[in-house]
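Protein chains: 2
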Amino acid sequence: MTTLNVGKALNLATKLLVRAGLPDGEAETSARCIVTSDCWGIPSHGLMRLPFYLERILAGGINPNANMKKVTDLPSLVIYDGENGLGHWQLQQAAYRATALAQRNGVAAVGVGRSSHCGALGIYVWPMVTQNLVGIAFSTGPAVMPPWNGSSAMLSTSPIAAGIPTAPPTIIDLATSAVARGKIAAKAQAGEALEPGWAFAADGLPTLVAKEALTGLLAPLGGAKGYALAVLVESLTGVLVGPSLAKDIPDMFDSKQAANPQEISHFVIAIDAARLSVDGKHDRIAIFQTEVTQAGGRLPGSGRVDPADLVETNEIVISDTIWTQLHVWAKRLGVSF
Amino acid sequence: MTTLNVGKALNLATKLLVRAGLPDGEAETSARCIVTSDCWGIPSHGLMRLPFYLERILAGGINPNANMKKVTDLPSLVIYDGENGLGHWQLQQAAYRATALAQRNGVAAVGVGRSSHCGALGIYVWPMVTQNLVGIAFSTGPAVMPPWNGSSAMLSTSPIAAGIPTAPPTIIDLATSAVARGKIAAKAQAGEALEPGWAFAADGLPTLVAKEALTGLLAPLGGAKGYALAVLVESLTGVLVGPSLAKDIPDMFDSKQAANPQEISHFVIAIDAARLSVDGKHDRIAIFQTEVTQAGGRLPGSGRVDPADLVETNEIVISDTIWTQLHVWAKRLGVSF
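Chains as they are written, first to last, in the working numbering: chain H, 1 to 337; chain R, 1001 to 1337.
It cannot be assumed that every hint is accurate.
With a Cα cut of at most 27 Å, we get these calculated DSSO-like pairs of lysine-lysine [claimed, not checked]:
hint	chain 1	residue 1	chain 2	residue 2
1	R	Lys1247	H	Lys247
2	R	Lys1281	R	Lys1069
3	R	Lys1247	H	Lys281
4	H	Lys281	R	Lys1070
5	H	Lys247	H	Lys69
6	H	Lys256	H	Lys15
7	H	Lys281	H	Lys331
8	R	Lys1211	R	Lys1256
9	H	Lys69	R	Lys1247
10	R	Lys1015	R	Lys1331
11	R	Lys1281	H	Lys70
12	H	Lys247	H	Lys70
13	R	Lys1008	R	Lys1331
14	R	Lys1281	R	Lys1247
15	H	Lys69	H	Lys8
16	R	Lys1256	R	Lys1331
17	H	Lys8	H	Lys247
18	R	Lys1069	H	Lys281
What the hints contain is simulated information worked out from the structure, not anything from laboratory work. Computed from a predicted model, the values in this text were never measured in an experiment.
With these hints in hand, go ahead and build the complete structure from the sequences.
Spelled out as structure tokens, the structure:
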């Protein structure tokens, strides 16, 4: 393992993305989302993914010059065509847009179709939660999970993220699979075994071998219930926004598919928390937070730092494999490291 | 067990609610929601609950003369004060209102605060799904589940329902607890044992005895993930709409609390499915449905009949206990049975 200064990681990721062709602002935003994931202790969605993003940009699978073209513009619903751009800055823009519309109309949703992988979904509820909105985010990806009782992959890990404006914010971020695919990818990269109940091999039998699971199937969270939630996620993304169903989304870890756009869709909902109270009282959120603590629990994600406030002198830990890959890419793109 | 004709059940439930004081229309709507639950194979939220609703109406815990007072009226967000009325017709009205607003603005949400128990949550996505909207519904109830790692009840079963406009509609309806409290209540009423992993006794230890579980704690679906989802549900209902947090909601099965309003809140989100497509294509929903079937699975709730289309000559099965209770109530309220 190697430790890396957050400021240096941000700088390196930004430069690599700029040299790969992204405009400065979009590269900076994307780099910050990527490094935030490492800072949050979700390395499976952090710098580990950067070499794959770079490969896809150079191969044509991610369009560095993408704009976000508005294809639907209603008072509380906007749909963008992401033109196969990188997901991070696009989903962040979607969250900003949803925030503005919800502040005006109470509730709003924004979808981005024809986009790419966005990293850790919980990052994108921040622009909403810091404006005192409840933010909910959905995204799709390559199919890795079968329908309940089914035998072939139809659903992505089908993540749901949500932010509740407690202080500090409550950040919910979960896959409706038993575990996220990224977690298995990280295990594979680290050469570690899976825990039982996480996944099936391609033949449908349980496996503890991460690499077998990466070409196999994930199990839904709690069986039929996790499957039902995954159907909701896939419906609000691949099915209704599109253009790709999970089943047709190329795996970003597969170099042979690096030239094929993923055509991933994302969907966020923003709800103005200040306008919901039936009795004009707004202290229940603090009371709830206190009572959860008194009951011996804690609210999810309350230890996560705001992506806008990463401390540049902090350090993150990355695997030697990723360290080496980043060096290779820095050399290839002429970035000093 | 006793079989009962659906038409007779609707008639009986309507008359009992009218004699208890509900206006005709609201009684009819409530009766239809209650009987639909039995028709859907969810007896724990069907006629089994009717004696408890009647008891609460007569004791003052449910206000039969409640109106829905609009306290927030934004283009895409309406909040109603339910004035302690029965939840069924109020949540149905909320779903109609959300439908109208979403058809105009793309997305809308409606909350009902200070309401009562509403039965099976999946029923209320029907008014949305039949208008080609995605409907999502949340509700709260008495606290039965601890925070993750906590030891006292802070969260209800925290149900999430959703409808996707496939043909027939996909109806998702799940508790984010491992099982719904109603399922345990039904087991208690039937004198049957619980399955392992469903619940804890009041001392926090696992139990298979339904009556112990009714005064104990439920386990969240899949551990921390189910807890996180429950936090989202409770935030969108008890915490932000209110006025009652789950922790303060009286148990509807406890006669001693029948005079205390539950002050339950409900929240629905409607999303116009026809406006989401990034590429103008609308056939992905049928393709997805077909491919799920081809993969060996099926979409959730696809066998459920529209509450508006219950077949009156069909029969439902109720326990002898409920049969007897309904007879007692019919006699008490002067309804022929």
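Each hint, compared with the structure:
no., hint, in the structure
1, R:Lys1247 with H:Lys247, "violated (42 Å)"
2, R:Lys1281 with R:Lys1069, "violated (40 Å)"
3, R:Lys1247 with H:Lys281, "holds (17 Å)"
4, H:Lys281 with R:Lys1070, "holds (16 Å)"
5, H:Lys247 with H:Lys69, "holds (25 Å)"
6, H:Lys256 with H:Lys15, "holds (25 Å)"
7, H:Lys281 with H:Lys331, "violated (58 Å)"
8, R:Lys1211 with R:Lys1256, "holds (17 Å)"
9, H:Lys69 with R:Lys1247, "violated (46 Å)"
10, R:Lys1015 with R:Lys1331, "holds (12 Å)"
11, R:Lys1281 with H:Lys70, "holds (16 Å)"
12, H:Lys247 with H:Lys70, "holds (26 Å)"
13, R:Lys1008 with R:Lys1331, "holds (16 Å)"
14, R:Lys1281 with R:Lys1247, "violated (46 Å)"
15, H:Lys69 with H:Lys8, "violated (33 Å)"
16, R:Lys1256 with R:Lys1331, "holds (22 Å)"
17, H:Lys8 with H:Lys247, "violated (37 Å)"
18, R:Lys1069 with H:Lys281, "holds (17 Å)"
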